[in-house]
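Residues per chain are reported as follows:
There are 2 protein chains.
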Amino acid sequence: MSTFIPQQRTLMGPGPSDVSARVLNALARPTLGHLDPQFIELMDQTGDLLRYAFNTQNSLTMSISAPGSAGMEACIVNLIEPGDTVVVCINGVFGMRMKENVTRCGGTAIVIESEWGEQTSPEELENVLQANDNVKAVAFVHAETSTGVRNDAQRLCAIAKQHGCLTIVDAVTSLGGIELNIDEWQIDACYSGSQKCLSCVPGLSPVTFSETALEVIRNRQHPVQSWFLDLNLILGYWGAGTKRAYHHTAPVNSIYALHESLLMLQEEGLENAFTRHKKVHELLREGLESIGLTFAVDEAYRLPQLNVILIPEGADDATVRGRLLNEFGLEIGAGLGKFAGKAWRIGLMGSACTPRNVHHCVESLRHVLA
Amino acid sequence: MSTFIPQQRTLMGPGPSDVSARVLNALARPTLGHLDPQFIELMDQTGDLLRYAFNTQNSLTMSISAPGSAGMEACIVNLIEPGDTVVVCINGVFGMRMKENVTRCGGTAIVIESEWGEQTSPEELENVLQANDNVKAVAFVHAETSTGVRNDAQRLCAIAKQHGCLTIVDAVTSLGGIELNIDEWQIDACYSGSQKCLSCVPGLSPVTFSETALEVIRNRQHPVQSWFLDLNLILGYWGAGTKRAYHHTAPVNSIYALHESLLMLQEEGLENAFTRHKKVHELLREGLESIGLTFAVDEAYRLPQLNVILIPEGADDATVRGRLLNEFGLEIGAGLGKFAGKAWRIGLMGSACTPRNVHHCVESLRHVLA
Numbered sequence: 000m001s002t003f004i005p006q007q008r009t010l011m012g013p014g015p016s017d018v019s020a021r022v023l024n025a026l027a028r029p030t031l032g033h034l035d036p037q038f039i040e041l042m043d044q045t046g047d048l049l050r051y052a053f054n055t056q057n058s059l060t061m062s063i064s065a066p067g068s069a070g071m072e073a074c075i076v077n078l079i080e081p082g083d084t085v086v087v088c089i090n091g092v093f094g095m096r097m098k099e100n101v102t103r104c105g106g107t108a109i110v111i112e113s114e115w116g117e118q119t120s121p122e123e124l125e126n127v128l129q130a131n132d133n134v135k136a137v138a139f140v141h142a143e144t145s146t147g148v149r150n151d152a153q154r155l156c157a158i159a160k161q162h163g164c165l166t167i168v169d170a171v172t173s174l175g176g177i178e179l180n181i182d183e184w185q186i187d188a189c190y191s192g193s194q195k196c197l198s199c200v201p202g203l204s205p206v207t208f209s210e211t212a213l214e215v216i217r218n219r220q221h222p223v224q225s226w227f228l229d230l231n232l233i234l235g236y237w238g239a240g241t242k243r244a245y246h247h248t249a250p251v252n253s254i255y256a257l258h259e260s261l262l263m264l265q266e267e268g269l270e271n272a273f274t275r276h277k278k279v280h281e282l283l284r285e286g287l288e289s290i291g292l293t294f295a296v297d298e299a300y301r302l303p304q305l306n307v308i309l310i311p312e313g314a315d316d317a318t319v320r321g322r323l324l325n326e327f328g329l330e331i332g333a334g335l336g337k338f339a340g341k342a343w344r345i346g347l348m349g350s351a352c353t354p355r356n357v358h359h360c361v362e363s364l365r366h367v368l369a
Numbered sequence: 000m001s002t003f004i005p006q007q008r009t010l011m012g013p014g015p016s017d018v019s020a021r022v023l024n025a026l027a028r029p030t031l032g033h034l035d036p037q038f039i040e041l042m043d044q045t046g047d048l049l050r051y052a053f054n055t056q057n058s059l060t061m062s063i064s065a066p067g068s069a070g071m072e073a074c075i076v077n078l079i080e081p082g083d084t085v086v087v088c089i090n091g092v093f094g095m096r097m098k099e100n101v102t103r104c105g106g107t108a109i110v111i112e113s114e115w116g117e118q119t120s121p122e123e124l125e126n127v128l129q130a131n132d133n134v135k136a137v138a139f140v141h142a143e144t145s146t147g148v149r150n151d152a153q154r155l156c157a158i159a160k161q162h163g164c165l166t167i168v169d170a171v172t173s174l175g176g177i178e179l180n181i182d183e184w185q186i187d188a189c190y191s192g193s194q195k196c197l198s199c200v201p202g203l204s205p206v207t208f209s210e211t212a213l214e215v216i217r218n219r220q221h222p223v224q225s226w227f228l229d230l231n232l233i234l235g236y237w238g239a240g241t242k243r244a245y246h247h248t249a250p251v252n253s254i255y256a257l258h259e260s261l262l263m264l265q266e267e268g269l270e271n272a273f274t275r276h277k278k279v280h281e282l283l284r285e286g287l288e289s290i291g292l293t294f295a296v297d298e299a300y301r302l303p304q305l306n307v308i309l310i311p312e313g314a315d316d317a318t319v320r321g322r323l324l325n326e327f328g329l330e331i332g333a334g335l336g337k338f339a340g341k342a343w344r345i346g347l348m349g350s351a352c353t354p355r356n357v358h359h360c361v362e363s364l365r366h367v368l369a
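Chains A and B, in that order, give the protein sequences.
Residue 369 is where the first sequence ends in numbering that gives the first Met the number 0, and the numbering goes up by one at each step.
Residue 369 is where the second sequence ends in numbering that gives the first Met the number 0, and the numbering goes up by one at each step.
Bound-form chain A, shown alone (with noise of 0.2 Å):
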């Protein structure tokens, strides 16, 4: 065995994205203890610029220090007891995925199933809302990784607010790609990852929770079933202006990384980061429309960061992956769930989100697809 010198690719798949040269350089500094006073500036300043990234004067944001799928379970096990019900909306891989940690903290869940392709259906939150009185949540995906699909985060959200419940969204495909207004659509808590439009490495969930959340979690009646993930442990390690408490020994590198790359959207700006995201969008359909490829999705919920697209006939799905991936060093993804073999994921997220990358998709596939 020796050192893994790993042949560069272009990642236009449902994450990891692009890594821009600037963040690897961030990643590689020097290590420095995770109580260090330079490296707690760093925890402040990460705070900061990701109440920024999710528009949100939230205190309690901040990096759980694992992938978007343990920040998925720290929203989950902090806020629900069990014998709570929660309403989960599920139109994709990762609502089911949210229903899982519902039960598996002995919530109960009533499940809003939608097709796949398809927002879920605010009248239907209505009606079940009405027809449930006992609702503590409502969880749902802002952007479904699986399908492409932007659910309505902002009237779901207004429903379950007038029915008092706490709203729980999955932004992980949805942070710095397209508009997310924590305070404004009252989320009570978020989770994100890194690897997304943020394009920063993989590793890392960014997490937001109101003072409602943070209320609800003080006042808990059962210890929060994991210590790891436990925020009132983690606060004392996280909480801007006390003395740090150890808790766990923070990713101090991939925190470097994640800095640098919130620096560069504050930088650009999150309106600007939206409007790229879109126009490059725009590019990316007209090129795969012209070589007569369709998308899954309806333009009017389509997401612009993953272009979720149908496979001609004709076409193998995973011959046509590979060769994309051997010939051109392009990596697209794979369906996922109900979509296995019969659609592709094309990411547009973060760096990876230019018509350079647009242009060397299209011309890849036309060249394997003719």
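It is worth saying that the hints were derived from the structure and are not from the lab.
Treat the hints loosely; a few may be bogus.
No copy is singled out in the list; a pair is fine if it fits within one copy or between any two copies.
[What the hints assert, rightly or not] Below are the SDA-like pairs computed for lysine to any residue, each with C-alpha atoms no more than 20 Å apart in a straight line:
{"hint": "1", "residue 1": "Lys341", "residue 2": "Tyr245"}
{"hint": "2", "residue 1": "Lys160", "residue 2": "Ile216"}
{"hint": "3", "residue 1": "Lys277", "residue 2": "His246"}
{"hint": "4", "residue 1": "Lys337", "residue 2": "Arg243"}
{"hint": "5", "residue 1": "Lys337", "residue 2": "Leu232"}
{"hint": "6", "residue 1": "Lys341", "residue 2": "Ser19"}
{"hint": "7", "residue 1": "Lys341", "residue 2": "Ala244"}
{"hint": "8", "residue 1": "Lys160", "residue 2": "Glu99"}
{"hint": "9", "residue 1": "Lys98", "residue 2": "Asn231"}
{"hint": "10", "residue 1": "Lys341", "residue 2": "Asn231"}
{"hint": "11", "residue 1": "Lys277", "residue 2": "Arg355"}
{"hint": "12", "residue 1": "Lys98", "residue 2": "His246"}
{"hint": "13", "residue 1": "Lys337", "residue 2": "Ala244"}
{"hint": "14", "residue 1": "Lys278", "residue 2": "Phe294"}
{"hint": "15", "residue 1": "Lys135", "residue 2": "Ala108"}
{"hint": "16", "residue 1": "Lys160", "residue 2": "Glu288"}
{"hint": "17", "residue 1": "Lys135", "residue 2": "Glu178"}
{"hint": "18", "residue 1": "Lys337", "residue 2": "His246"}
{"hint": "19", "residue 1": "Lys341", "residue 2": "Val110"}
{"hint": "20", "residue 1": "Lys337", "residue 2": "Glu114"}
{"hint": "21", "residue 1": "Lys160", "residue 2": "Lys341"}
{"hint": "22", "residue 1": "Lys98", "residue 2": "Thr293"}
{"hint": "23", "residue 1": "Lys277", "residue 2": "Glu40"}
A quick note: this is a predicted structure, and the numbers were derived from the prediction, not measured.
Could you slot chain B onto chain A? The hints should help.
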């Protein structure tokens, strides 16, 4: 806010330890998709290298995508179910944390508590197991990072096995620094951390599980309460030879770094690494004694890689550590728990375990304490 450029430190605390340029370079290589064939090959190689480090043939040997405390939780939530009884040996902070994890998954902990700075008594374990015949597992810390004590893992496991118990061992600070034989000692579940004697960046937790442990996990009555740490699911992702089933997005770059640090360990050879830790520890001991400092732990079970030193009378804990950091760029660890304010922890782990670091540490302390 601007790009973060840390001032370089010498990391001689309880971890993270100094990370070599070679590992940092590996870390910064271009990110691959986590299902890229190149990366899957790297996961397989990393498994082999971890089997070498752990001295095991266990097929389930991999890295949890989160820090050591998540590794601890992974071992306990997968093996323990509500109603199970676990003997937890406590002689420091991390034993207490194991107990906390047992309780949070509905288990009952029978605690064997020893003084801080002392070993867990094998006789006491024998007595407790003779008095209780319903014990499912015995859990203890091999190298207590909070006290600098080595517990007699071989003997404690032998006793546990005579009573038909599973063995769960914390090897966060021992892996790569002192002898650890998973198979020979009959350890069923073991977790470590990347940032100690492996001198990789913090954020990963190598784990290994015996066939016996796997059998127990497969035959559980209740689902594992953590979705993120459920080995039944993770197995499909890391399991050798199988088609990879997506579970979470692996922290790709951190695994490049782990692979490189394990390669370095293999190149040096485990026995040579242990000898180096012993020899350099002797050099440190001589140096510290030459300036009048004394150890908190008896020589017979002192860890070479984590030296717990009594703070001399008249020295102010925070002032001394602050001056070491600011004047000499040297990080040593504060005391933890009962040792807070009473002891310092000087790490000699992995790449930080060199005569140069010892000289720097002793001379810096001589200067500051003068």
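Each hint tested on the structure:
Proximity of Lys341 to Tyr245 under the C-alpha cut-off of 20 Å is restricted to the inter-copy arrangement: shortest distance 17 Å between copies versus 48 Å within a copy. Taking identical chains as interchangeable, the C-alpha atoms of Lys160 and Ile216 lie at most 20 Å apart only when both belong to the same chain, with a minimum of 18 Å there against 40 Å between chains. In the homo-oligomer, the alpha carbons of Lys277 and His246 never lie at most 20 Å apart, since the shortest distance is 40 Å inside one protomer and 29 Å across protomers. Only between protomers do Lys337 and Arg243 lie at most 20 Å apart by alpha-carbon distance; the minimum there is 17 Å, versus 45 Å within a single protomer.
Taking identical chains as interchangeable, the C-alpha atoms of Lys337 and Leu232 lie at most 20 Å apart only when they sit on different chains, with a minimum of 19 Å there against 39 Å within one chain. With identical chains, the CA atoms of Lys341 and Ser19 are never at most 20 Å apart, being 31 Å at best within one copy and 46 Å at best between copies. Taking the shortest alpha-carbon separations for Lys341 and Ala244, only the inter-copy value of 17 Å comes in at or below 20 Å, while the best intra-copy value is 49 Å. In the homo-oligomer, the alpha carbons of Lys160 and Glu99 never lie at most 20 Å apart, since the shortest distance is 23 Å inside one protomer and 35 Å across protomers.
Taking the shortest Cα distances, Lys98 and Asn231 sit within 20 Å of each other only across copies (18 Å), while inside one copy they are farther apart (23 Å). For a Cα distance limit of 20 Å, the shortest separation of Lys341 from Asn231 qualifies neither inside one copy, at 44 Å, nor across copies, at 27 Å. With identical chains, the CA atoms of Lys277 and Arg355 are at most 20 Å apart within one copy only, with a shortest distance of 15 Å there and 55 Å across copies. Only between protomers do Lys98 and His246 lie at most 20 Å apart by alpha-carbon distance; the minimum there is 15 Å, versus 28 Å within a single protomer.
Taking CA atoms no more than 20 Å apart as the test, Lys337 paired with Ala244 passes between copies only; the shortest distance there is 14 Å, against 45 Å inside one copy. For the identical chains of this complex, Lys278 and Phe294 are intra-copy neighbours only, at 17 Å inside a copy versus 65 Å across copies, given an alpha-carbon limit of 20 Å. Proximity of Lys135 and Ala108 under a CA criterion of 20 Å is satisfied intra-copy only: 10 Å inside one chain copy versus 32 Å between copies. Taking identical chains as interchangeable, the C-alpha atoms of Lys160 and Glu288 are never at most 20 Å apart, the minima being 40 Å within one chain and 65 Å between chains.
Taking CA atoms no more than 20 Å apart as the test, Lys135 paired with Glu178 passes in neither setting, with 26 Å inside one copy and 51 Å between copies. Within a single copy, Lys337 and His246 get their C-alpha atoms only as close as 40 Å, which misses the 20 Å cut-off; across copies the closest is 16 Å, which meets it. For the homomeric pair Lys341 and Val110, neither the shortest alpha-carbon distance inside one copy (25 Å) nor that between copies (55 Å) is at most 20 Å. Proximity of Lys337 and Glu114 under a CA criterion of 20 Å is satisfied intra-copy only: 10 Å inside one chain copy versus 57 Å between copies.
In this assembly of identical chains, the alpha carbons of Lys160 and Lys341 never lie at most 20 Å apart, being 37 Å within a copy and 51 Å across copies at closest. In this homomeric assembly, Lys98 and Thr293 never come within 20 Å of each other (Cα to Cα): the closest approach is 31 Å inside a single copy and 55 Å across copies. When the C-alpha separation of Lys277 and Glu40 is checked against a cutoff of 20 Å, the pair qualifies neither within a copy, at 35 Å, nor between copies, at 36 Å.
When held up to the earlier numbered hints, the structure conflicts with 3, 6, 8, 10, 16, 17, 19, 21, 22 and 23 and fits the remainder.
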